[in-house]
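Sequences listed follow chains A and B, in order.
Residue numbers for the first sequence follow our numbering, so the first one is 112 and each next one is one higher.
Residue numbers for the second sequence follow our numbering, so the first one is 317 and each next one is one higher.
FYI, nobody ran anything at the bench for these hints, they're computed from the structure.
One or more of the hints may lead you astray.
[Stated by the list, open to error] Straight-line Cα separation of at most 30 Å, DSSO-like style, residue types lysine-lysine; simulated pairs: (1) A:Lys268 <-> A:Lys175; (2) B:Lys415 <-> A:Lys193; (3) B:Lys415 <-> A:Lys268; (4) A:Lys276 <-> B:Lys339; (5) B:Lys433 <-> A:Lys175; (6) A:Lys200 <-> B:Lys433; (7) B:Lys375 <-> B:Lys433; (8) B:Lys433 <-> A:Lys244; (9) B:Lys352 <-> B:Lys370; (10) B:Lys375 <-> B:Lys339; (11) B:Lys370 <-> A:Lys180.
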Amino acid sequence: MIVLKKQTTVRDPLEYQGSSEYLNKLHRKVRKFSGTQSFETSTVVRFRYAAHTLTTSALQTIQKLHRFKHLNENWDSYGADKPSLSAIKQAENMIRQLDEVGIEVFFTAPGPNGEIVVELKNQDRAVEIYFYKDAPSDYILIDREQTIDEGETLKRKDSIIEFIKSNRY
Amino acid sequence: MEIIQNEDQLLRRVPFTDPAYIKDDGSLSSFAFKPKNGENGLSVNIAWMTTYEKSILDKARFRLYSISAGIPRSLELNCIYDPLPDNAAHALITGNFTKGICRQMASMAQRIAYPDK
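Just chain A, with the same shape it has in the complex (with noise of 0.2 Å):
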């Protein structure tokens, strides 16, 4: 299976001076499978991740997620609101994409206005992400459990990553 990364519509190879080089090694990477002998104009090259394993621990986290979905009302005793069925789809669109890059979840939990916090942990740092029912996620980052940034999430996704994963930030 071919492992690529972005959906292209080849049009005319002269559109990509400079990118012939790209081109080539495409058609080198297809040529076995499409039996081609080149690309021809306003040809469609999909390009698809080979499917990742979710590891047991991001399964689990994920069914967590899942039994939120039958809180109701109040559920917290000092009227939390259901947890937000978008905010839900978010938070586990974000654990499976973290699990792909080896990060391990080390919390989650709703909040008493319908979010989801997922929650990092690395030793002395950690990382708090909050998903919303009607708002961009968001984030902050803690060391010694001083917060020291946050942020919108969809921004920073790969500073959040690169904080959780080393030792220096």
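Here the structure of chain A is known, so what remains is to put chain B in place on it, guided by the hints.
Only chain B this time, still in chain A's reference frame:
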């Protein structure tokens, strides 16, 4: 004179079954000290005005944590006595609950050994 002194213990009930706000390493989730949006503040009980049994509500689902009133005040929150018709010990912690502040309060709260030892 403040009704709630800094050394008064404030009790907060947390879910401990499924879901649980108590993590595998025994630490407490920040969510334990996060108020619901639109509420006047975070509900707590003033320990000396109540009992663990009344505060825990349901021993099968919750556990109690306590935090001295001085801690939220040191984080620029307020502790306000707010008795309710069915709960004379009720108080509110009010102010700006950032994620960091919720986490700090969770880290400084002490688990009450009730009903377990």
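Hints not upheld, ascending by number = Those not satisfied are hints 6 and 8.
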